[in-house]
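*Asks:* Sequence:
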Amino acid sequence: MDQESISRYSRQLIMPEIGVKGQLKLKDSSILIIGAGGLGCPAIQYLVAAGIGQIGIVDYDEVELSNLHRQILHTETKAERKMRKTSSAAEAALQLNSKVKVDEYCLQLDRENALGIVGKYDVVLDATDNVPSRYLINDVCVVLNKPLVSGSALRWEGQLTTYHFHNKEENTYGPCYRCLYPKPPPPETVTNCSDGGVIGVIPGIIGCMQSLEAIKIIVGVSPSYNQKLLVFDGLYGAFRTIKLRGAQETCAVCGKDPSITANNLPNYEEFCGTAATDKCLKLNILNSEERISAMEYKDLYVDRKKPHVLVDVRSEIEIEICALPNSINVPIKVFERCQRIVKDKAVQDAEVKDDEKLQVFVVCRLGNDSQKAVEIMKKHVTLPSNINVRDIKGGLLAWSNSVDKSFPRY
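Numbering-wise, the sequence shown is residues 1 to 410 according to the UniProt record's numbering.
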(Lines of atoms letter the chains of each structure in order from A; the text may use other names.)
(Lines give C-alpha, C1' and ligand atoms only; values in the text may rest on other atoms or scores of the structure.)
Protein backbone atom coordinates (compact mmCIF):
# COMPACT_ATOMS: atom_id res chain seq x y z
CA MET A 1 0.00 0.00 0.00
CA ASP A 2 1.23 3.50 -0.80
CA GLN A 3 1.54 6.30 1.74
CA GLU A 4 -1.64 8.06 0.61
CA SER A 5 -3.74 4.91 0.96
CA ILE A 6 -2.31 4.14 4.40
CA SER A 7 -3.19 7.64 5.54
CA ARG A 8 -6.67 7.58 3.99
CA TYR A 9 -7.71 4.20 5.40
CA SER A 10 -5.67 4.29 8.61
CA ARG A 11 -8.64 4.18 10.98
CA GLN A 12 -9.89 0.89 9.57
CA LEU A 13 -6.43 -0.51 8.79
CA ILE A 14 -5.65 -0.74 12.50
CA MET A 15 -8.72 -2.89 13.11
CA PRO A 16 -7.81 -6.60 13.32
CA GLU A 17 -10.79 -7.65 11.19
CA ILE A 18 -9.53 -5.44 8.32
CA GLY A 19 -5.78 -4.83 8.39
CA VAL A 20 -3.70 -4.57 5.23
CA LYS A 21 -5.02 -7.86 3.82
CA GLY A 22 -8.62 -6.78 4.27
CA GLN A 23 -7.98 -3.36 2.76
CA LEU A 24 -6.39 -4.93 -0.29
CA LYS A 25 -9.43 -7.21 -0.62
CA LEU A 26 -11.64 -4.11 -0.64
CA LYS A 27 -9.42 -2.50 -3.28
CA ASP A 28 -9.63 -5.60 -5.48
CA SER A 29 -13.39 -5.98 -5.09
CA SER A 30 -16.36 -4.74 -7.10
CA ILE A 31 -19.88 -3.97 -5.89
CA LEU A 32 -23.01 -3.21 -7.91
CA ILE A 33 -25.58 -0.86 -6.39
CA ILE A 34 -28.96 -1.06 -8.13
CA GLY A 35 -30.80 2.16 -7.37
CA ALA A 36 -29.21 5.55 -6.67
CA GLY A 37 -31.99 6.74 -4.37
CA GLY A 38 -32.54 6.84 -0.63
CA LEU A 39 -30.87 3.47 0.00
CA GLY A 40 -28.28 3.61 -2.75
CA CYS A 41 -26.88 7.07 -1.98
CA PRO A 42 -25.55 6.34 1.54
CA ALA A 43 -24.42 2.88 0.46
CA ILE A 44 -22.42 4.33 -2.43
CA GLN A 45 -20.93 7.01 -0.19
CA TYR A 46 -19.65 4.60 2.44
CA LEU A 47 -18.47 1.93 0.02
CA VAL A 48 -16.42 4.50 -1.88
CA ALA A 49 -15.07 5.91 1.38
CA ALA A 50 -14.07 2.41 2.51
CA GLY A 51 -11.93 1.93 -0.59
CA ILE A 52 -13.93 -0.48 -2.73
CA GLY A 53 -11.98 -0.70 -5.98
CA GLN A 54 -14.91 -0.63 -8.39
CA ILE A 55 -18.58 0.19 -8.04
CA GLY A 56 -21.38 0.06 -10.57
CA ILE A 57 -24.46 2.27 -10.26
CA VAL A 58 -27.73 1.35 -11.97
CA ASP A 59 -30.62 3.82 -12.19
CA TYR A 60 -32.85 5.05 -15.02
CA ASP A 61 -34.18 8.19 -13.33
CA GLU A 62 -33.31 11.90 -13.11
CA VAL A 63 -32.77 13.95 -9.96
CA GLU A 64 -35.89 15.77 -8.71
CA LEU A 65 -36.41 18.23 -5.87
CA SER A 66 -38.55 15.69 -4.00
CA ASN A 67 -35.54 13.32 -3.85
CA LEU A 68 -33.31 15.59 -1.80
CA HIS A 69 -34.65 14.93 1.70
CA ARG A 70 -33.28 11.39 1.57
CA GLN A 71 -31.02 10.99 -1.48
CA ILE A 72 -27.98 12.71 -0.06
CA LEU A 73 -25.58 12.52 -3.02
CA HIS A 74 -27.84 14.73 -5.14
CA THR A 75 -28.16 18.53 -4.88
CA GLU A 76 -30.51 21.39 -5.75
CA THR A 77 -28.35 22.30 -8.74
CA LYS A 78 -28.53 18.74 -10.05
CA ALA A 79 -32.31 18.73 -9.62
CA GLU A 80 -32.62 21.99 -11.55
CA ARG A 81 -30.52 20.48 -14.35
CA LYS A 82 -32.52 17.22 -14.23
CA MET A 83 -29.21 15.39 -14.03
CA ARG A 84 -29.18 11.64 -14.37
CA LYS A 85 -29.00 9.99 -10.96
CA THR A 86 -26.19 7.72 -12.11
CA SER A 87 -24.09 10.70 -13.21
CA SER A 88 -24.94 12.64 -10.06
CA ALA A 89 -24.00 9.76 -7.77
CA ALA A 90 -20.84 8.99 -9.76
CA GLU A 91 -19.73 12.61 -9.60
CA ALA A 92 -20.23 12.72 -5.82
CA ALA A 93 -18.46 9.39 -5.38
CA LEU A 94 -15.40 10.50 -7.31
CA GLN A 95 -15.24 13.76 -5.39
CA LEU A 96 -15.00 11.69 -2.23
CA ASN A 97 -12.51 9.14 -3.57
CA SER A 98 -10.97 9.67 -7.00
CA LYS A 99 -9.14 6.33 -6.85
CA VAL A 100 -12.35 4.32 -7.20
CA LYS A 101 -13.54 3.14 -10.62
CA VAL A 102 -17.20 4.04 -11.10
CA ASP A 103 -19.37 2.45 -13.80
CA GLU A 104 -22.64 4.16 -14.74
CA TYR A 105 -25.65 2.27 -16.09
CA CYS A 106 -28.40 4.76 -16.84
CA LEU A 107 -31.02 2.19 -17.75
CA GLN A 108 -33.86 0.06 -16.48
CA LEU A 109 -32.49 -3.29 -15.36
CA ASP A 110 -34.39 -6.08 -17.12
CA ARG A 111 -34.02 -9.73 -18.03
CA GLU A 112 -32.23 -8.80 -21.26
CA ASN A 113 -29.38 -6.81 -19.69
CA ALA A 114 -29.22 -7.96 -16.06
CA LEU A 115 -27.00 -11.01 -16.53
CA GLY A 116 -24.35 -9.05 -18.39
CA ILE A 117 -24.25 -6.26 -15.81
CA VAL A 118 -24.50 -8.26 -12.58
CA GLY A 119 -21.91 -10.76 -13.80
CA LYS A 120 -19.16 -8.11 -13.63
CA TYR A 121 -19.38 -7.63 -9.84
CA ASP A 122 -18.61 -9.57 -6.67
CA VAL A 123 -21.51 -8.39 -4.48
CA VAL A 124 -24.87 -6.82 -5.35
CA LEU A 125 -26.92 -4.33 -3.34
CA ASP A 126 -30.64 -4.13 -4.08
CA ALA A 127 -31.64 -0.53 -3.38
CA THR A 128 -34.81 -0.54 -5.49
CA ASP A 129 -38.39 0.02 -4.39
CA ASN A 130 -40.57 -2.28 -6.50
CA VAL A 131 -41.44 -5.96 -6.48
CA PRO A 132 -40.58 -6.98 -10.08
CA SER A 133 -37.05 -5.62 -9.69
CA ARG A 134 -36.57 -7.53 -6.44
CA TYR A 135 -37.45 -10.84 -8.13
CA LEU A 136 -35.28 -10.07 -11.15
CA ILE A 137 -32.24 -9.08 -9.08
CA ASN A 138 -32.65 -12.11 -6.83
CA ASP A 139 -32.94 -14.57 -9.69
CA VAL A 140 -29.94 -13.17 -11.55
CA CYS A 141 -27.81 -13.18 -8.38
CA VAL A 142 -28.69 -16.82 -7.72
CA VAL A 143 -28.02 -17.85 -11.32
CA LEU A 144 -24.63 -16.08 -11.24
CA ASN A 145 -23.89 -17.13 -7.65
CA LYS A 146 -23.59 -13.59 -6.28
CA PRO A 147 -24.43 -12.61 -2.67
CA LEU A 148 -27.27 -10.10 -2.54
CA VAL A 149 -27.72 -7.50 0.20
CA SER A 150 -31.31 -6.26 0.09
CA GLY A 151 -32.75 -3.23 1.85
CA SER A 152 -36.10 -1.47 2.02
CA ALA A 153 -37.54 1.59 3.73
CA LEU A 154 -41.09 2.86 4.13
CA ARG A 155 -42.57 5.45 6.46
CA TRP A 156 -40.75 4.92 9.81
CA GLU A 157 -39.54 1.38 9.14
CA GLY A 158 -36.56 -0.18 7.42
CA GLN A 159 -35.59 -3.78 6.69
CA LEU A 160 -32.37 -5.51 5.70
CA THR A 161 -31.31 -9.05 4.84
CA THR A 162 -28.63 -10.87 2.86
CA TYR A 163 -29.77 -13.45 0.31
CA HIS A 164 -27.97 -16.46 -1.16
CA PHE A 165 -24.82 -16.08 0.93
CA HIS A 166 -22.37 -18.96 0.59
CA ASN A 167 -21.05 -20.10 3.97
CA LYS A 168 -17.78 -21.64 2.82
CA GLU A 169 -17.01 -23.28 6.16
CA GLU A 170 -20.27 -25.22 6.13
CA ASN A 171 -20.60 -25.21 2.33
CA THR A 172 -24.22 -24.08 2.61
CA TYR A 173 -26.23 -21.28 1.06
CA GLY A 174 -28.69 -19.00 2.79
CA PRO A 175 -32.20 -18.58 1.39
CA CYS A 176 -32.90 -16.43 -1.62
CA TYR A 177 -35.83 -14.04 -1.99
CA ARG A 178 -37.93 -16.68 -3.75
CA CYS A 179 -37.35 -19.18 -0.95
CA LEU A 180 -39.22 -16.80 1.34
CA TYR A 181 -41.66 -15.31 -1.16
CA PRO A 182 -42.37 -17.83 -3.94
CA LYS A 183 -45.39 -15.79 -5.03
CA PRO A 184 -45.54 -11.99 -5.33
CA PRO A 185 -48.01 -9.99 -3.24
CA PRO A 186 -51.17 -8.67 -4.93
CA PRO A 187 -50.24 -5.35 -6.62
CA GLU A 188 -52.93 -3.43 -4.76
CA THR A 189 -51.34 -4.34 -1.41
CA VAL A 190 -47.91 -2.93 -2.28
CA THR A 191 -46.96 0.55 -1.06
CA ASN A 192 -43.76 2.39 -1.97
CA CYS A 193 -42.18 5.64 -0.78
CA SER A 194 -44.03 7.68 -3.39
CA ASP A 195 -47.37 6.41 -2.08
CA GLY A 196 -46.75 5.96 1.63
CA GLY A 197 -43.93 8.39 2.35
CA VAL A 198 -40.70 7.86 4.26
CA ILE A 199 -38.67 9.65 6.90
CA GLY A 200 -35.44 10.47 5.07
CA VAL A 201 -33.17 9.13 7.80
CA ILE A 202 -34.65 5.62 7.55
CA PRO A 203 -33.24 4.72 4.11
CA GLY A 204 -30.03 6.43 5.22
CA ILE A 205 -29.67 4.02 8.14
CA ILE A 206 -30.57 0.95 6.08
CA GLY A 207 -28.34 1.99 3.18
CA CYS A 208 -25.40 2.38 5.57
CA MET A 209 -26.07 -1.08 6.97
CA GLN A 210 -26.22 -2.51 3.46
CA SER A 211 -22.75 -1.13 2.81
CA LEU A 212 -21.55 -2.63 6.11
CA GLU A 213 -22.87 -6.07 5.15
CA ALA A 214 -21.13 -5.81 1.78
CA ILE A 215 -17.82 -4.80 3.37
CA LYS A 216 -17.99 -7.77 5.75
CA ILE A 217 -18.66 -10.16 2.89
CA ILE A 218 -15.67 -8.80 0.95
CA VAL A 219 -13.16 -9.00 3.81
CA GLY A 220 -14.33 -12.46 4.87
CA VAL A 221 -16.30 -11.58 7.99
CA SER A 222 -19.64 -13.38 8.03
CA PRO A 223 -22.56 -11.05 7.29
CA SER A 224 -24.88 -10.41 10.21
CA TYR A 225 -28.11 -10.97 8.30
CA ASN A 226 -27.65 -14.23 6.42
CA GLN A 227 -30.93 -16.10 7.05
CA LYS A 228 -31.99 -13.23 9.31
CA LEU A 229 -34.13 -10.15 8.77
CA LEU A 230 -33.30 -6.89 10.50
CA VAL A 231 -36.36 -4.73 11.20
CA PHE A 232 -35.77 -1.15 12.33
CA ASP A 233 -38.63 0.88 13.80
CA GLY A 234 -37.50 4.50 13.65
CA LEU A 235 -40.56 5.81 15.46
CA TYR A 236 -39.70 3.88 18.62
CA GLY A 237 -35.95 3.55 17.99
CA ALA A 238 -36.12 -0.24 18.13
CA PHE A 239 -34.07 -2.86 16.29
CA ARG A 240 -35.16 -6.48 16.18
CA THR A 241 -33.87 -9.50 14.30
CA ILE A 242 -36.11 -12.23 12.91
CA LYS A 243 -34.73 -15.66 12.02
CA LEU A 244 -35.75 -16.68 8.51
CA ARG A 245 -36.32 -20.17 7.17
CA GLY A 246 -33.46 -21.69 5.21
CA ALA A 247 -33.04 -22.31 1.51
CA GLN A 248 -35.90 -24.35 0.06
CA GLU A 249 -35.31 -27.44 -2.07
CA THR A 250 -38.48 -26.61 -4.01
CA CYS A 251 -37.39 -23.05 -4.82
CA ALA A 252 -37.88 -22.18 -8.49
CA VAL A 253 -34.42 -20.65 -8.81
CA CYS A 254 -32.09 -22.07 -6.12
CA GLY A 255 -33.81 -25.41 -5.46
CA LYS A 256 -32.81 -28.90 -6.60
CA ASP A 257 -34.73 -28.69 -9.87
CA PRO A 258 -34.88 -24.98 -10.81
CA SER A 259 -37.26 -23.83 -13.52
CA ILE A 260 -35.62 -20.39 -13.65
CA THR A 261 -32.20 -20.40 -15.30
CA ALA A 262 -29.93 -18.00 -17.15
CA ASN A 263 -31.66 -19.04 -20.37
CA ASN A 264 -35.15 -18.94 -18.92
CA LEU A 265 -35.73 -15.76 -16.94
CA PRO A 266 -39.46 -14.99 -16.67
CA ASN A 267 -41.35 -11.82 -17.57
CA TYR A 268 -41.19 -10.16 -14.16
CA GLU A 269 -43.81 -7.48 -14.73
CA GLU A 270 -46.24 -10.14 -15.91
CA PHE A 271 -45.34 -12.41 -12.98
CA CYS A 272 -45.90 -9.62 -10.44
CA GLY A 273 -48.82 -7.96 -12.20
CA THR A 274 -47.23 -4.52 -11.97
CA ALA A 275 -44.58 -2.38 -13.63
CA ALA A 276 -40.93 -2.42 -12.58
CA THR A 277 -40.83 1.19 -11.46
CA ASP A 278 -40.31 3.01 -8.18
CA LYS A 279 -42.70 5.76 -9.27
CA CYS A 280 -46.41 5.83 -8.52
CA LEU A 281 -48.35 3.79 -11.06
CA LYS A 282 -51.29 5.37 -12.86
CA LEU A 283 -54.52 3.42 -12.78
CA ASN A 284 -57.01 3.47 -15.62
CA ILE A 285 -60.22 1.90 -14.34
CA LEU A 286 -62.85 4.37 -15.59
CA ASN A 287 -64.03 5.02 -19.13
CA SER A 288 -63.56 8.40 -20.81
CA GLU A 289 -67.13 9.55 -20.04
CA GLU A 290 -66.43 9.16 -16.33
CA ARG A 291 -63.37 11.42 -16.39
CA ILE A 292 -62.52 15.05 -17.10
CA SER A 293 -59.14 16.71 -17.55
CA ALA A 294 -57.91 19.32 -15.10
CA MET A 295 -58.00 22.00 -17.81
CA GLU A 296 -61.54 21.08 -18.88
CA TYR A 297 -62.69 21.23 -15.26
CA LYS A 298 -61.16 24.70 -14.90
CA ASP A 299 -62.55 26.04 -18.19
CA LEU A 300 -66.06 24.59 -17.93
CA TYR A 301 -66.77 24.85 -14.21
CA VAL A 302 -64.30 26.97 -12.25
CA ASP A 303 -63.98 29.88 -14.69
CA ARG A 304 -67.70 29.89 -15.53
CA LYS A 305 -68.63 29.50 -11.85
CA LYS A 306 -71.07 26.74 -12.69
CA PRO A 307 -72.59 24.97 -9.67
CA HIS A 308 -70.74 21.77 -8.83
CA VAL A 309 -69.17 19.88 -5.94
CA LEU A 310 -65.46 19.05 -5.70
CA VAL A 311 -64.64 16.13 -3.38
CA ASP A 312 -61.00 15.66 -2.36
CA VAL A 313 -60.38 12.08 -1.17
CA ARG A 314 -56.84 12.58 0.14
CA SER A 315 -55.96 12.13 3.80
CA GLU A 316 -56.29 15.02 6.24
CA ILE A 317 -52.50 15.31 6.53
CA GLU A 318 -52.27 15.80 2.75
CA ILE A 319 -55.03 18.41 2.81
CA GLU A 320 -52.83 20.44 5.16
CA ILE A 321 -50.14 20.54 2.47
CA CYS A 322 -52.37 22.00 -0.25
CA ALA A 323 -55.94 21.91 -1.53
CA LEU A 324 -58.09 23.47 -4.22
CA PRO A 325 -60.50 26.20 -3.07
CA ASN A 326 -64.03 25.15 -2.10
CA SER A 327 -63.25 21.43 -2.12
CA ILE A 328 -64.70 19.19 0.57
CA ASN A 329 -62.50 16.55 2.13
CA VAL A 330 -63.76 12.99 2.47
CA PRO A 331 -60.67 10.73 2.79
CA ILE A 332 -60.79 7.59 0.66
CA LYS A 333 -60.66 5.33 3.73
CA VAL A 334 -63.75 7.02 5.13
CA PHE A 335 -65.27 7.28 1.69
CA GLU A 336 -65.30 3.51 1.32
CA ARG A 337 -67.45 3.25 4.45
CA CYS A 338 -69.55 6.40 4.21
CA GLN A 339 -70.47 6.92 0.58
CA ARG A 340 -73.90 8.22 1.51
CA ILE A 341 -72.34 11.08 3.44
CA VAL A 342 -70.70 12.17 0.22
CA LYS A 343 -73.96 12.04 -1.68
CA ASP A 344 -75.84 14.02 0.97
CA LYS A 345 -73.05 16.58 1.23
CA ALA A 346 -72.99 16.98 -2.53
CA VAL A 347 -76.70 17.71 -2.64
CA GLN A 348 -76.37 20.26 0.17
CA ASP A 349 -73.38 22.10 -1.31
CA ALA A 350 -74.64 22.85 -4.81
CA GLU A 351 -77.77 24.47 -6.10
CA VAL A 352 -78.90 23.31 -9.51
CA LYS A 353 -82.01 23.83 -11.53
CA ASP A 354 -84.54 21.05 -11.73
CA ASP A 355 -83.66 20.29 -15.33
CA GLU A 356 -79.89 20.21 -14.72
CA LYS A 357 -77.62 17.50 -13.40
CA LEU A 358 -75.56 18.11 -10.29
CA GLN A 359 -71.92 17.65 -11.29
CA VAL A 360 -69.71 16.03 -8.67
CA PHE A 361 -65.97 15.90 -9.33
CA VAL A 362 -63.57 13.76 -7.35
CA VAL A 363 -59.88 14.61 -7.03
CA CYS A 364 -56.82 13.14 -5.33
CA ARG A 365 -53.07 13.55 -5.65
CA LEU A 366 -52.44 11.51 -8.82
CA GLY A 367 -55.85 10.45 -10.09
CA ASN A 368 -55.82 6.91 -8.70
CA ASP A 369 -57.86 7.10 -5.49
CA SER A 370 -60.32 9.46 -7.19
CA GLN A 371 -61.09 6.77 -9.77
CA LYS A 372 -61.63 4.23 -7.00
CA ALA A 373 -63.98 6.66 -5.27
CA VAL A 374 -66.04 7.22 -8.41
CA GLU A 375 -66.23 3.46 -8.94
CA ILE A 376 -67.37 2.94 -5.35
CA MET A 377 -70.14 5.52 -5.68
CA LYS A 378 -71.42 4.12 -8.95
CA LYS A 379 -71.32 0.49 -7.85
CA HIS A 380 -72.42 0.69 -4.24
CA VAL A 381 -74.58 3.81 -3.94
CA THR A 382 -77.92 4.34 -5.61
CA LEU A 383 -77.47 7.88 -6.91
CA PRO A 384 -80.37 10.15 -7.85
CA SER A 385 -80.68 10.50 -11.60
CA ASN A 386 -79.68 14.17 -11.41
CA ILE A 387 -76.20 13.48 -9.95
CA ASN A 388 -73.26 12.86 -12.29
CA VAL A 389 -69.93 11.84 -10.71
CA ARG A 390 -66.61 12.15 -12.54
CA ASP A 391 -62.92 11.87 -11.76
CA ILE A 392 -60.37 14.60 -12.53
CA LYS A 393 -57.68 12.86 -14.59
CA GLY A 394 -54.19 12.99 -13.14
CA GLY A 395 -55.38 14.64 -9.93
CA LEU A 396 -53.67 17.62 -8.37
CA LEU A 397 -50.43 16.82 -10.17
CA ALA A 398 -52.23 17.39 -13.47
CA TRP A 399 -53.69 20.63 -12.07
CA SER A 400 -50.18 21.81 -11.24
CA ASN A 401 -48.78 20.74 -14.61
CA SER A 402 -51.48 22.11 -16.89
CA VAL A 403 -53.49 24.74 -14.99
CA ASP A 404 -51.51 26.37 -12.18
CA LYS A 405 -47.77 25.73 -12.14
CA SER A 406 -47.49 27.49 -8.77
CA PHE A 407 -49.70 24.85 -7.15
CA PRO A 408 -47.53 22.63 -4.88
CA ARG A 409 -46.39 19.20 -6.03
CA TYR A 410 -45.43 16.47 -3.61
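For the record, the hints were derived by calculation from the structure and aren't laboratory data. Don't take every hint at face value.
Beta-carbon label-pair distances, calculated as ranges [stated by the list, open to error]: (1) N329 x G220: 17 to 25 Å; (2) D195 x S7: 40 to 48 Å; (3) E64 x K357: 35 to 43 Å; (4) P307 x P185: 42 to 50 Å.
Positions of the beta carbon are idealized from the N, C-alpha and C atoms, including for glycine.
*Asks:* Look at each hint and say if it fits the structure.
*Replies:* Against the structure, the hints come out as follows:
1. N329 x G220: 17 to 25 Å: Given a distance of about 57 Å, which is not inside 17 to 25 Å, the answer is violated.
2. D195 x S7: 40 to 48 Å: 46 Å, holds
3. E64 x K357: 35 to 43 Å: For K357 against E64, whose Cβ atoms are near 40 Å apart, the range 35 to 43 Å holds.
4. P307 x P185: 42 to 50 Å: Check passed, 44 Å falls within 42 to 50 Å.
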